[in-house]
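Trainee: So the sequence lines, in the order shown, correspond to chains P and Y.
89 is the number that my numbering gives to position 76 of the first sequence; each next residue is one higher, with no gaps.
527 is the number that my numbering gives to position 280 of the second sequence; each next residue is one higher, with no gaps.
Rather than coming from a laboratory, the hints here were simulated on the basis of the structure.
Ideal placement from N, C-alpha and C gives every residue a C-beta, glycine not left out.
It is possible that part of the hints are untrue.
As the list claims (entries may be wrong) - A few chain Y residues facing chain P, derived, Cβ under 7 Å:
1. Arg404
2. Thr406
3. Ala411
4. Gln417
5. Ser421
6. Leu424
7. Val425
8. Gly426
9. Val427
10. Met432
11. Ala434
12. Arg531
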Amino acid sequence: MTAILETLGLKAFYGPVQALHGVDFVVEEGGVTALLGANGAGKTTVLRAISMMIRREGEVRFRGAPMSARATEDVARLGVAHVPDGRGTFTDLTVDENLRLGAYTRKDRQAVKADFERVFSYFPRIAERRHQQAGTLSGGEQQMLAISRALLLRPSLLLLDEPSFGLAPLIVAEIFRILREINKRDGVSLLIVEQNANLALDLADRAYLIETGEVVIGGAAQTIRDDDSVRRAYLGY
Amino acid sequence: MEFLHQFASGLALGGIYAIMALALVMIYQATQLVNFAQGEMAMFSTYLAWQMIDSGQPYWLAFIVTVLISFVGGMGIERIVVRPFAKAPILASVIVFIGLSFIFNALAGWLYGYSIQSFDTPFNGRPWFGNVYMSAHESGSVLVTFVVLALVYAFFRFTPLGLALRASAQNPVSARLVGVRVGWMLAMGWGLAAAIGAVAGMMAAPIVYLDPNMMGGILLYAFAGAVLGGIDNPWGAVVGGFVVGVMENIVGAYLVGAEVKLSVALVIIIGVLVVKPSGLFGRRIVARV
């Protein structure tokens with residue numbers, strides 16, 4: 014299998030403070046990679062570094078070549094959609110306008126239309142709320158909206174920052190079921206950051222454990238899940 | 248009769264304040280900064296129009312060219328002068344804006360002189376709709392105001408670019424994540440503000456006459472209108488601009504006289520800030536401390 018995304022010695026900085034100290038990981042083409050770890054380990058920072066929202070060093074390879082982006086906008090235009098922590102809803106705009114922004118960079122109108130339909134088939138509730146102000150949606154609906162918006166970019170790689178955060182278990186299960194479908198049916202590769210290791214390992218084929226800005230252990234999700242000592246020490250279940 | 252006359256010409260002036268207020272709000276929404284140079288930029292644009300008309304160009308050609316030049320100029324000012332201070336403290340930006348206003352004022356004085364010039368109006372003859380309460384220019388100016396407001400509304404409401412501008416103002420991080428070039432959107436916001444400011448200047452000049460200080464009072468009234476309507480709400484600011492224009496005329500005519508009516512604007516600003524700081528239609532910002 015080839016890698017759609019690969020980092021080599023990824024370092025990242027918040028102002029003068031270094032938050033990542035050389036992180037290496039791989040997302041396979043069509044695969045799902047999970048980044049696990051406690052609060053403050055640097056999982057979100059990895060996603061921000063990939064999207065160039067913060068200063069980074071080291072190499073980020075996208076589709077086998079160094080990523081040619083100079084700013085966050087360029088990363089998105091390469092087909093890397095990022096569902097940020099806090100969901101990044103445009104709260105004053107309508108749901109429909111949020112979705113249209115997702116497709117902002119695209120010129121293929123017919124395909125965009127089809128993608129709207131596809132997204133609505135995943136999340137019928139978003140279709141129902143289409144003309145509502147996005148800020149009035151519930152947390153779960155805003156998470157669905159954020160994923161929908163990202164899908165309308167027609168990404169080849171989707172970065173997800175804690176999609177389960179603050180949501181009821183039933184809604185989380187629903188969202189993860191749809192993420193699996195997005196991966197399997199649409200062939201979108203996923204890089205998912207999660208605190209809920211059980212959930213993420215279920216979906217992922219590769220997993221990496223991050224602690225204080227470094228990868229502690231990484232490999233096939235199955236191996237990580239079956240390793241009792243890792244599970245007890247880091248994942249707490 | 249006299250009251251209606253005062254009311255109607257207040258509406259005409261109010262329209263000018265309304266589009267200036269809209270220009271202020273446009274930049275405020277994107278940057279949380281008030282562009283104190285907005286008035287002088289509009290004044291300078293008006294001189295450009297005056298120069299073109301003076302050299303024999305038809306009025307509407309000069310009008311359109313001025314709006315286009317102002318748009319490009321506004322974008323240029325953002326990219327060259329304002330952008331470097333994007334991460335600086337607010338006070339630094341305020342000083343930059345004040346400096347810009349001095350530069351344009353001095354530049355206009357140097358290029359065109361400080362003597363007062365008359366400025367043509369394209370609206371001659373009888374006022375439109377046979378109304379007796381407004382001059383021809385006033386009624387034409389109200390019409391132009393509404394056309395500008397309708398165009399701005401349609402742009403922001405119905406075009407993808409307008410949507411991207413709104414998104415950039417509201418949540419620049421998320422806008423970048425969907426691929427919007429937020430930096431260009433900021434520049435475009437400045438361009439639009441400069442362009443509609445130019446319209447305000449050209450509509451105001453036949454009334455207040457053209458000189459390098461012509462926009463001083465107008466900017467103050469526009470600011471009062473924006474504060475009254477809510478500085479974070481464009482349509483509130485437009486309504487505020489109209490209200491201030493009418494109030495100014497009526498208070499000036501019946502209460503305080505023309506000499507001190509500029510202080511009406513200051514009274515409005517202070518009154519609003521004391522009684523309802525968010526303005527009539529603004530959103531109250533609650534900060535967690």
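Trainee: What hints, given by number in increasing order, does this structure fail?
Mentor: 1, 2, 10, 11, 12
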